[in-house]
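Chain residues, written in single-letter form:
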Amino acid sequence: MNLEGLTITKARRLIQAGELSPVQLVDAVQAAIERTDPAVGGYLSRDYERARALAEKTDVTLPLGGIPVAIKDVISVEGESCTCASQILQGYVAPYDATVITKLRAAGAIPFGRTNMDEFAMGSSTENSSLRITRNPRDPERIPGGSSGGSAAVVAADEAMASLGSDTGGSIRQPAALCGCVGLKPSYGRVSRYGLVAFASSLDQIGPFTHTVEDAALVLQAIAGHDPLDSTSLDLPVPDYSAPLNDGVKGLKLGVPKEYFVEGMDPQVEARVRAAVEVYRSLGAEIVEVSLPHTKYAVADYYIIATAEASANLARFDGVRYGQRASAPRDLADHYGRTRGEGFGKEVKRRIILGTYVLSSGYYDAFYLRAQKVRTLIRRDFEEAFRKVDGLLSPTSPVPAFKIGERMADPLQMYLADIFTIAANLAGICGISLPCGDAEVDGKKLPVGLQIMAPAFEEARLLRIARAYETARTA
Amino acid sequence: MSAPHLDVRYIANLVRLRLTEEEIAELQPQLDHVLSYIEQLDEVNVEGIEPTAHASAVYNVFRADVPRNGFTQEQATANAPHSGNGLFLVPKVVEG
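Just so you know, the protein sequences line up as chains A and B, in that order.
Heads up: the first sequence begins at 1 in the working numbering, then just goes up one per residue.
Heads up: the second sequence begins at 1 in the working numbering, then just goes up one per residue.
Among the hints, a few may not be true.
Said to hold, decoys possible - A few chain A residues that don't get close to chain B, going by computed Cβ distances all over 10 Å:
no.	residue
1	M1
2	T232
3	L252
4	R281
5	T295
6	Y297
7	A385
Claimed, not checked - Chain B is faced by these chain A residues, among others (derived, beta-carbon under 10 Å):
no.	residue
8	S45
9	Y48
10	G189
11	S231
12	D235
13	D301
14	R316
15	P329
16	L354
17	A371
18	Q372
19	K373
20	E440
21	V441
Hints are computed from structural coordinates only; laboratory data are not their basis.
Since we're looking at a predicted model, the values are computed, not measured.
Virtual Cβ for every residue (Gly too), placed ideally from N, Cα, C.
Can you make the complete structure from the sequences, with help from the hints?
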């Protein structure tokens, strides 16, 4: 069995026909990793024997029976490390399964392998991992995007059929775009975060990377739904995501937000996305230009809200209950200061300091409270737009994958990489990135991502819109 | 909001982050730069706008107040860098 181009849908057909066993599939994953991962570096750890033991027992009649799914190293899997690519969590072993893992297991899937990421999901290139470099499968000199760069790279490089990542400001959609696979950020509250190491609690969501929209629907089906262990997950019924998938876009109104086609964006990215818009027009969708006037404030807004929440969430890493601890501390202050100073990387430190500052007495109203009000305006922009259209089409990233090291010296340039993905998190809506062609840069074909956004809890519509393009493009 | 100064050294101490002099020298201008970018929110008129704390309209979710199983003491301390007698051990806090 060769994993190249193998989708979940196809593997499931082979398994149910008795032509492929789950153990053979794990063997195929191992072969693919051994062949490709030395050059890509998407995985942090893996345990083939554990996966084979699960594969032997899996119920192949279940919806994801026998399908291995790679897991970003920020999601807890009982008995496995969960480092968040940080030195401070070296040696930590998760004592329980995240709810998404419990749900994957219940659907017959095999959580397998831990993927690289920016430390604590803070970054847009996976270069902030304290553990290793992950390279873009299309060009080893370029980044895979981030923060879920490992999860995107292993799917794009055919080292996995699917993976889970987390998206706080674009960390699923942006790497999916830059690596050339499908990445889905569900609506805030659609998927439980229980067992996800928190970065910014009002923004974080877990979602899948896959080769196809069809497969994304299958994985979302397995992980979506209310969880009493996460009080921010909404108690709403989970619709059948696969049933309306092929209903097409005829008669739908799709908006093209003018603020998402900005000066300075890569002309090849713009051309590919504009061409995708024309595909939708030819499929019978009505294309409407819309305006999201507060878009230009989204990045600034995000870096107040996300860092404020991160500074509070990361207070738990104190070297007492888990993780690394500084050696021979003089007293408690020395223990905390050195444990955190030695354990966190630069980007995490920057964000903790910025987040603490915007929450501090005297600046709270000027920064944090104001940011929350601007967030309301950003949310209203989308409410207004979705009164006129059924979905929004835009680029996922203004540029294709950039070079390793290119943006590391200037944090603000790195933050601007997420300019088109951040607003969806602030508004709590759902979004997906799917490949829409390549940009040719220095003789390399680099993937370009089309982003589609839909109102909160309209994942069925989002997937249907995405599938229409995918079908037209591969037809 | 007139460009208030973000003092990296002062805040790092508040959040118990021991930084080297080199780190402070690097972080200070970077954060000044990010802060000056963030200040563009000043130009937005937010008068009369309600703040959004999170995206979904869910508040005060309660569950039944019944006991349920949690970690055993052994499980809870299994990841601790220093533990003994089922307790987390920390440097001495009170002189005695």
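Hints versus structure:
no., hint, in the structure
1, M1, "holds, 38 Å"
2, T232, "violated, 6 Å"
3, L252, "holds, 24 Å"
4, R281, "holds, 31 Å"
5, T295, "holds, 12 Å"
6, Y297, "violated, 6 Å"
7, A385, "holds, 16 Å"
8, S45, "violated, 17 Å"
9, Y48, "violated, 25 Å"
10, G189, "holds, 4 Å"
11, S231, "holds, 4 Å"
12, D235, "holds, 9 Å"
13, D301, "holds, 7 Å"
14, R316, "violated, 12 Å"
15, P329, "holds, 5 Å"
16, L354, "holds, 6 Å"
17, A371, "holds, 6 Å"
18, Q372, "holds, 3 Å"
19, K373, "holds, 4 Å"
20, E440, "violated, 32 Å"
21, V441, "violated, 27 Å"
The structure does not agree with the numbered hints 2, 6, 8, 9, 14, 20 and 21 stated previously, though it agrees with the rest.
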